[in-house]
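Take the sequences, apply the hints, and build the full model.
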Amino acid sequence: MSSTELPGVRAVTAAADPVVAAVRVAEGETLRSVTLPGLTLNVRSRPPSRTGLPPALYVHGLGGSSLNWSALMPLLADAVDGEAVDLPGFGDSPPPVDGDYSITGHARAVIRHLDAAGRGPVHLLGNSLGGAVTTRVAAVRPDLVRTLTLISPALPELRVQRTAVPTAMLALPGVARLFGRVSRDWTAERRTRGVMALCYGDPGRVSEEGLRHAVAEMERRGRLPHFWDATARSARGIVDAYTLGGQHGLWRQAERVLAPTLLVYGGRDKLVAYRMALKAANAFRDSRLLTLPDAGHVAMMEYPEAVAQAVRELLDDTGRS
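Per the UniProt record's numbering, residue 1 is the first one in the sequence shown, and the count goes up by one each step.
Quick caveat, the hints were computed from the structure, so don't treat them as lab data.
Remember, it's a predicted structure, so these values are computed and weren't measured experimentally.
One should not assume that every hint holds.
Unchecked claim - Using C-beta positions, here's what the derived DEER-type ranges look like: (1) A216 <-> R252: 36 to 44 Å; (2) S33 <-> D294: 25 to 33 Å; (3) L289 <-> G210: 25 to 33 Å.
Glycine included, every Cβ here is placed at the ideal spot set by N, Cα and C.
Structural data, given as structure tokens:
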């Protein structure tokens with residue numbers, strides 16, 4: 001990994017958070033903790049249906065976790081050997097020791113995991129923040145990426161949708177903790193329904209069981225002392241990446257991606273504008289585009305079958321090797 005592309009950061013001391021509650025594990029999934037110098041990552045796995053399948057890694061978005069991929073992973077279990085990672089500070093992964101929640105910091109965590117595991121090159125999938133992170137990974141370490149699938153990637157927009165402004169404001173110092181204080185009396189269900197209204201094209205597609213699981217996860221996250229800090233700093237990392245130019249700019253890095261790329265955009269996305277689909281298709285040199293008019297920001301959760309089919313077609317066309 002080139003130090004000119006992923007510059008180092010100053011290490012700071014960070015205390016590990018106490019265990020709050022057990023994170024949910026869907027049927028057929030396993031969890032493990034991966035410890036690297038200054039970094040511990042929670043990794044969710046689903047055993048492949050047969051041996052010898054190519055590896056895949058799923059990377060979630062802002063405020064999400066590896067659970068965001070639990071609907072898609074079983075649909076691809078006969079095509080890839082899949083793992084989903086909790087980025088530092090999210091899901092069941094503790095904060096990074098260096099306190100770096102930038103796009104570069106998250107990309108470095110993904111790269112370090114892949115290097116340590118020896119699983120690369122992988123079929124790499126990212127949503128939202130994870131889309132920006134995996135774009136950077138694919139640009140700076142093409143040897144680690146077979147194909148790239150981006151679902152509503154958080155790539156820079158000059159004209160941000162009004163519905164995305166409140167989320168972007170989390171990047172401002174103190175706003176996240178202020179919101180946490182203002183909303184401290186809200187029930188976990190109210191918070192969850194608010195997030196679903198923002199992220200889903202049609203929140204009514206969420207089953208009662210799915211809602212119960214989401215509320216339980218919201219309650220768990222709310223007890224983590226680092227939750228708002230990780231969210232705010234990662235949001236700030238997205239905003240900072242939007243303003244970064246030159247070779248480190250995300251659109252410039254998108255142009256450098258060599259891996260065949262699948263782009264998935266939702267017509268009802270309130271966080272990443274649907275109009276960015278064409279710009280992205282033109283930026284990635286070997287790209288294909290799936291547009292889902294009724295989907296929101298998390299198409300892999302709303303329309304997992306459609307996303308899985310598009311991923312299969314990408315793997316078939318690239319030989320799955």
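Evaluation of the provided hints:
Remark: the range hint 36 to 44 Å for A216 to R252 is upheld by a beta-carbon distance near 41 Å. The given range of 25 to 33 Å is broken by S33 and D294, whose C-beta atoms sit roughly 38 Å from each other. Under the hint 25 to 33 Å, the C-beta atoms of L289 and G210, about 28 Å apart, fit the expected range.
The structure does not agree with numbered hint 2 stated previously, though it agrees with all others.
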